[in-house]
Amino acid sequence: DVKVTQSSRYLVKRTGEKVFLECVQDMDHENMFWYRQDPGLGLRLIYFSYDVKMKEKGDIPEGYSVSREKKERFSLILESASTNQTSMYLCASSLGRQGAGEKLFFGSGTQLSVL
Amino acid sequence: GDSVTQMEGPVTLSEEAFLTINCTYTATGYPSLFWYVQYPGEGLQLLLKATKADDKGSNKGFEATYRKETTSFHLEKGSVQVSDSAVYFCALIQGAQKLVFGQGTRLTINP
Chain A
1 DVKVTQSSRY LVKRTGEKVF LECVQDMDHE NMFWYRQDPG LGLRLIYFSY DVKMKEKGDI
61 PEGYSVSREK KERFSLILES ASTNQTSMYL CASSLGRQGA GEKLFFGSGT QLSVL
Chain B
1001 GDSVTQMEGP VTLSEEAFLT INCTYTATGY PSLFWYVQYP GEGLQLLLKA TKADDKGSNK
1061 GFEATYRKET TSFHLEKGSV QVSDSAVYFC ALIQGAQKLV FGQGTRLTIN P
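Keeping their order, the protein sequence lines are chains A and B.
In terms of our numbering, the first sequence opens at residue 1 and continues consecutively.
In terms of our numbering, the second sequence opens at residue 1001 and continues consecutively.
It is worth saying that the hints were derived from the structure and are not from the lab.
Please note that a few of the clues may not be correct.
Residues from chain B that face chain A, not an exhaustive set, calculated with beta carbons under 8 Å [stated by the list, open to error]:
no.	residue
1	Pro1040
2	Gly1041
3	Leu1044
No more than 25 Å apart at the CA atoms, straight line, and that leaves these computed lysine to any residue pairs for SDA-like [as the list claims (entries may be wrong)]:
no.	chain 1	residue 1	chain 2	residue 2
4	A	Lys3	B	Pro1010
5	A	Lys71	A	Val19
6	A	Lys103	B	Arg1106
Where a beta carbon is used, it is the ideal one built from N, C-alpha and C, also for glycine.
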């Protein structure tokens, strides 16, 4: 079965710190995604990538950047963390482009608190 | 743009009760529809899907029918169990675009 692994389950950072969230998938998937999950707002797409060294903005990219140097690894970067970035961050991957019926595989999430 | 609206939670039921979680969508074309489930402490996983009108997705006793005339994809289960306690997300995708999720509905089943 596909495994999507996020490096930390819980993370506490201070305002202004640079934060790296790491995600690794083990099934040679082309596509990787970063979402944030907030109560009452569901999942919102931050960035996604369809290939190595390729990235595209999602719905809420402000304050974030990403890196995909290797196919299996997709990193989310908070250049200068702020309190409004306190959230649950979910990484996901899928085999092909998101078309009809394409299934996403999710990691367990990283709960980030910015103090 | 495309959007998904789910019924407000949280929803609390007793074991063996009938479950309905409402989901309606707005889309210009003919999206595919999904229900994802998130168990405590875990990531989301696909529960069921339907790719065209009148399709019925089913899995683990859950069902949802793609109703184009009412733009709905309501999730149902005839007899819920404590192990069904989770957060449920309705989602859609159209063409090669990205998934659009609803806000999620937290379900708690009491023994």
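Hint by hint, here is what the structure shows:
no., hint, verdict
1, Pro1040, "11 Å, violated"
2, Gly1041, "7 Å, holds"
3, Leu1044, "4 Å, holds"
4, A:Lys3 / B:Pro1010, "29 Å, violated"
5, A:Lys71 / A:Val19, "21 Å, holds"
6, A:Lys103 / B:Arg1106, "22 Å, holds"
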